[in-house]
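Listed below, chain by chain, are the residues.
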Amino acid sequence: DTAVSQTPKYLVTQMGNDKSIKCEQNLGHDTMYWYKQDSKKFLKIMFSYNNKELIINETVPNRFSPKSPDKAHLNLHINSLELGDSAVYFCASSQVRTFTYNEQFFGPGTRLTVL
Amino acid sequence: GENVEQHPSTLSVQEGDSAVIKCTYSDSASNYFPWYKQELGKRPQLIIDIRSNVGEKKDQRIAVTLNKTAKHFSLHITETQPEDSAVYFCAASIWNGGATNKLIFGTGTLLAVQP
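Taken in order, these protein sequences are the chains called V and L.
For the first sequence, position 53 matches number 1214 in my numbering, and the numbering has no gaps at all.
For the second sequence, position 27 matches number 34 in my numbering, and the numbering has no gaps at all.
Rather than coming from a laboratory, the hints here were simulated on the basis of the structure.
We put the beta carbon where it would ideally sit given N, CA and C, even for glycine.
Certain hints may be false.
Each pair of labels, with its calculated beta carbon distance range [as the list claims (entries may be wrong)]:
(1) 1230(V) with 68(L): 37 to 45 Å
(2) 77(L) with 1199(V): 28 to 36 Å
(3) 58(L) with 1231(V): 27 to 35 Å
Model the full assembly from the supplied sequences, consistent with the hints where possible.
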């Protein structure tokens, strides 16, 4: 009954490889996000999708390409991995309940290590 | 763009004492301020949030205060317990009730509650 799930939990790969991270939410939310948390724990938004439409696209290298096949899924594909891509990637989802409530529910994270 | 500064970066308190974490934001249009708690190796989770039309909000041992003029907001935890030990993140956004909410996070505060 996990609300927001991500696979894989750990990903170790060589520089230059291409990899994907998958995210699924079963909360019925319309909006999903990708965040990057670096080694200093700094949490930064990368992308946001609402009903499969890209809404937020931060200054992220175009090696990163999100894809939302439906509103319950948001995947992240990374081409030509670099050492600096090593981080924990969190998926999140949210649904506006009231004008004062917009909690973002995070997935468990995917720890990516680029060697 | 929005910038959020958070202090202190680490905070150690004795069990039962109070803890205060402070944040400053740069964009005066920001109107939504959530606080997230991240335990070691876990996902961030919302603990409390406040909108700019409110100066203070409480939820049991946790309270948040907002000073719009000074662009400051703070998290107050009273009667701290060892299970309060975690990294706490403040965030700010300009949110007008839409489906997508772009959160800008502070740099985090590692709170250690000593038994």
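| task | Determine whether the Cβ-Cβ distance between residue 77(L) and residue 1199(V) falls within the hinted range of 28 to 36 Å. | result | Given a distance of about 29 Å, which is inside 28 to 36 Å, the answer is holds.
| Do the Cβ positions of residue 58(L) and residue 1231(V) conform to the proposed distance bound of 27 to 35 Å? | holds (31 Å)
| Range hint 37 to 45 Å (beta carbons of residue 1230(V) and residue 68(L)) holds or violated | For residue 1230(V) and residue 68(L) the Cβ distance comes to about 42 Å; the hint holds.
In terms of the numbered hints stated before, the structure departs from none.
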